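Number of protein chains: 2
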Amino acid sequence: MNVNSSGSPLSADHVQEARARIAPYAHRTPVLTCSAIDLKAEASVFFKCENFQKTGSFKFRGACNAVASLSEAKRVKGVVTHSSGNYAQALALAARLHMTPAFVVMPENASDIKKQATAGYGASITLCTPTHAGRHEAAERIREATGATFLSPYDDARVIAGQGTACMELIEEIAGLDLILAPVGGGGLLSGTLLAAKHMLPSVEVIGCEPAGADDAARSLQTGKRIVDFTPHTIADGLRTPLGELTFPIIRDGVDGIVLVSEADILHAMRFVWERMKILIEPSSAVAVAPLLNGTIKTSKRRIGVILSGGNVDLTAFFTLLEGTL
Amino acid sequence: MNVNSSGSPLSADHVQEARARIAPYAHRTPVLTCSAIDLKAEASVFFKCENFQKTGSFKFRGACNAVASLSEAKRVKGVVTHSSGNYAQALALAARLHMTPAFVVMPENASDIKKQATAGYGASITLCTPTHAGRHEAAERIREATGATFLSPYDDARVIAGQGTACMELIEEIAGLDLILAPVGGGGLLSGTLLAAKHMLPSVEVIGCEPAGADDAARSLQTGKRIVDFTPHTIADGLRTPLGELTFPIIRDGVDGIVLVSEADILHAMRFVWERMKILIEPSSAVAVAPLLNGTIKTSKRRIGVILSGGNVDLTAFFTLLEGTL
Numbered sequence: 084m085n086v087n088s089s090g091s092p093l094s095a096d097h098v099q100e101a102r103a104r105i106a107p108y109a110h111r112t113p114v115l116t117c118s119a120i121d122l123k124a125e126a127s128v129f130f131k132c133e134n135f136q137k138t139g140s141f142k143f144r145g146a147c148n149a150v151a152s153l154s155e156a157k158r159v160k161g162v163v164t165h166s167s168g169n170y171a172q173a174l175a176l177a178a179r180l181h182m183t184p185a186f187v188v189m190p191e192n193a194s195d196i197k198k199q200a201t202a203g204y205g206a207s208i209t210l211c212t213p214t215h216a217g218r219h220e221a222a223e224r225i226r227e228a229t230g231a232t233f234l235s236p237y238d239d240a241r242v243i244a245g246q247g248t249a250c251m252e253l254i255e256e257i258a259g260l261d262l263i264l265a266p267v268g269g270g271g272l273l274s275g276t277l278l279a280a281k282h283m284l285p286s287v288e289v290i291g292c293e294p295a296g297a298d299d300a301a302r303s304l305q306t307g308k309r310i311v312d313f314t315p316h317t318i319a320d321g322l323r324t325p326l327g328e329l330t331f332p333i334i335r336d337g338v339d340g341i342v343l344v345s346e347a348d349i350l351h352a353m354r355f356v357w358e359r360m361k362i363l364i365e366p367s368s369a370v371a372v373a374p375l376l377n378g379t380i381k382t383s384k385r386r387i388g389v390i391l392s393g394g395n396v397d398l399t400a401f402f403t404l405l406e407g408t409l
Numbered sequence: 084m085n086v087n088s089s090g091s092p093l094s095a096d097h098v099q100e101a102r103a104r105i106a107p108y109a110h111r112t113p114v115l116t117c118s119a120i121d122l123k124a125e126a127s128v129f130f131k132c133e134n135f136q137k138t139g140s141f142k143f144r145g146a147c148n149a150v151a152s153l154s155e156a157k158r159v160k161g162v163v164t165h166s167s168g169n170y171a172q173a174l175a176l177a178a179r180l181h182m183t184p185a186f187v188v189m190p191e192n193a194s195d196i197k198k199q200a201t202a203g204y205g206a207s208i209t210l211c212t213p214t215h216a217g218r219h220e221a222a223e224r225i226r227e228a229t230g231a232t233f234l235s236p237y238d239d240a241r242v243i244a245g246q247g248t249a250c251m252e253l254i255e256e257i258a259g260l261d262l263i264l265a266p267v268g269g270g271g272l273l274s275g276t277l278l279a280a281k282h283m284l285p286s287v288e289v290i291g292c293e294p295a296g297a298d299d300a301a302r303s304l305q306t307g308k309r310i311v312d313f314t315p316h317t318i319a320d321g322l323r324t325p326l327g328e329l330t331f332p333i334i335r336d337g338v339d340g341i342v343l344v345s346e347a348d349i350l351h352a353m354r355f356v357w358e359r360m361k362i363l364i365e366p367s368s369a370v371a372v373a374p375l376l377n378g379t380i381k382t383s384k385r386r387i388g389v390i391l392s393g394g395n396v397d398l399t400a401f402f403t404l405l406e407g408t409l
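Quick mapping for you: the protein sequence lines, in order, are chains D and B.
Okay, so the first sequence: first residue is 84 according to the numbering used here, each after it adds one.
Okay, so the second sequence: first residue is 84 according to the numbering used here, each after it adds one.
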C-alpha cells in the first residue's frame, strides 16, 4: 500500500478529489488524433495534450492540487521547491492563483528563458550551485527562514494525485483503451496515471516510456531496489530524475512494463509529431510517442492513449537561425 | 461583379456549395484561443487553425473544391498546376481522393521535403527551371500532352470559393466577430474570406495582412492597378505571389484595408504562437498574427478572428541542431 502525507493509502479517490480541486484552474486539455501515426502503428491512438495545459505541461495539475490542499495557515507562509524545469513554472502559477508566495530554487546555470518564465508567474527565485546538495540546502534554508511548505516535484501524494487527473479525463473521453503510454522520470505522472487507469479500467495495460540514457526506472524494477545514483544522458530533460520514495512502489506494483527509447528515436518521434500534428511537444513527451513508431511494442489493432506531457522547448537556436536568413 | 468560370458572379453561394462539396474530405478545423495574446491585444481573439487542415494548410479546401467540381470526363484526364509550396501537396491529395491523376510542376530548386511530400500524395512531378516562364511552359506542355485541366493555386473561382469555407466555419462557430484578419499573397484566401464574411456578417471588418517585403496588394489597391512585376523579399514563402485577375477585384471592392508587416514582426509573432499556443504555424500565417502584437491596428475590446493559414515549416535545420547535441 502506498501511503500519502495524511497516512491513508493513495488511491483513485485522491485523483478524483484532485480533479474537483483543480477544476477551476486547470485546462481540460483536448485529445487529438493523427492519421499518419495511426497508419504507422496500425492502431487508433489518442493523444492527451498536456502541452496545451497551463504553463505548458501536466506539472500544473499536481502543483495546483498540492497548493490547493494546503491549510490557510500554511498557504499564507508560502511554498518552496527546487526545479530547473516545468515544475518551477507550474508551482509558481499555482501559487499565484492561490495568492500564496512561491520560492523556487533554480540552478545558476538554468536558462534565462526558464528563469524569466518562472519569475513571470511571480515566484521569488533563488539561484544555487547546480548540484543535488546545493538545491536541497538552498530550499531548506528558505523553508527554515520563511516557514514555507516544501513541495516535491513528484514525490508527494498531492502532486501524484493531481498528475493522475490527465489520465482520468482521457479515459472518460475515449472509450475502450487497451494501452496507455506515459513517460517516466521521477514517476509522478506515471504513478498518477496508474492510480486512475487501473481503477477506472482494470484491464488496461499501462507502460512507462523511459530514455535508454536514463533507464533508472527500468533497472529499479529489475532489481527491486530504487536506483537513485546515476548520471543521465538524454535530451529528455524532464526525465533525468530518479524515481521517488512514493512513486517507486506505485510503479513497481502497478505498471505492466517499461520500454526504453534511444535518443535518435526520441528526436524522430518529436519531429514526426511536429511535422504531422503541427503541435509542439518537448523531448520528454516524444519518449512516449516513439514506441508507436519504432516497433518496440505491439500496437496493431489496439486503442492506445498517450499522455503528451508537455511542450516547453527552448526555441532560441531555431529562431536565431531564421533571423539569420532575413 | 466578379465572374467565375461558368460566367456567373462569384458569391457566398459558391462558398456554401464548396462547403458541401468538400465536407466528406476536409477537416472542420478547430478554433483555438490564447490568453497571452488576448492580454497583449486587449481583445478576444479566435484562431481558425488551418495548420491542422489536411496537407497542413487551407490550400486543401480550394484544391478539393476545384477537383470535385470537374466533370467525370475531365477528372479522368487529370489536373495540372505549378507550385513549389502548399498548393502542390493540397492538389496532389485532392486529386488522389478523387482518383484523378495530378501533374505538378515544381522548380528544380524546390526543397527535397516538398518534392517528397507532393510525391507522397501520388502526384507526378515535373521539375522546371525556377522562373515564371519556365513554370508556365512546363505546365502548358503537360496540359497539351495529357488533356489535364490546369488549376491555378488562387486565380480560379472554384479555388476561391473553397478557401472561403474556412471563414464560413469560423463565423458560424464564433458569434459577434468585429474583425477578421487573413494573410494575402495571391489573394485566394482573402477573396474567399471576403465572400463569406461580407455576406454572413455585413458589419464585420476584414483586413488583409501582407509582408512589407511583398507589398504588391497594398500598392495595387493604392494605384487601382494590379501590380504583377515585383521582387518579393520575405520569409513568408506563401505570400510572394501577385494578386490574380479574379482575386484583385474581389479584394479591391471588399477589403477594409491592408496592413503591412515587417520581417522581424513576422518572426516575433511566429515564435509567440509556437511558444504560447504550442502549435506550429508557418511564417505566412504569422503575418496575420503580428498586427495583434505590434499595435498597428486597433484591437482593444474587439472580437477578432484570425485565419491561421498553414503550418508547413521546414524543420531540417532545427533538428540537425538538436541531433548535434546528442
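Please note that a few of the clues may not be correct.
Because identical chains cannot be distinguished in the list, a pair is counted as satisfied if it fits within a single copy or across any two copies.
Stated by the list, open to error - Straight-line Cα separation of at most 20 Å, DMTMM-like style, residue types lysine to aspartate or glutamate; simulated pairs:
id, residue 1, residue 2
1, 160, 223
2, 384, 121
3, 384, 195
4, 197, 358
5, 197, 312
6, 308, 252
7, 198, 358
8, 157, 298
Worth flagging that the hints you see were computed from the coordinates, not collected in a lab.
Source: prediction; values computed, not measured.
Going down the list of hints, with the structure as the test:
In this homomeric assembly, residue 160 and residue 223 come within 20 Å of each other (Cα to Cα) only inside a single copy, at 14 Å, whereas the closest approach across copies is 76 Å. In this homomeric assembly, residue 384 and residue 121 come within 20 Å of each other (Cα to Cα) only inside a single copy, at 10 Å, whereas the closest approach across copies is 42 Å. Taking CA atoms no more than 20 Å apart as the test, residue 384 paired with residue 195 passes in neither setting, with 45 Å inside one copy and 33 Å between copies. Taking CA atoms no more than 20 Å apart as the test, residue 197 paired with residue 358 passes between copies only; the shortest distance there is 12 Å, against 25 Å inside one copy.
In the homo-oligomer, the alpha carbons of residue 197 and residue 312 never lie at most 20 Å apart, since the shortest distance is 26 Å inside one protomer and 46 Å across protomers. Within a single copy, residue 308 and residue 252 get their C-alpha atoms no closer than 32 Å, and across copies no closer than 56 Å, so neither meets the 20 Å cut-off. With identical chains, the CA atoms of residue 198 and residue 358 are at most 20 Å apart between copies only, with a shortest distance of 15 Å across copies and 29 Å within one. Proximity of residue 157 to residue 298 under the C-alpha cut-off of 20 Å is found in neither arrangement, the shortest distances being 37 Å within a copy and 59 Å between copies.
Violated hints, listed in ascending order, are 3, 5, 6 and 8; each of the other numbered hints is respected by the structure.
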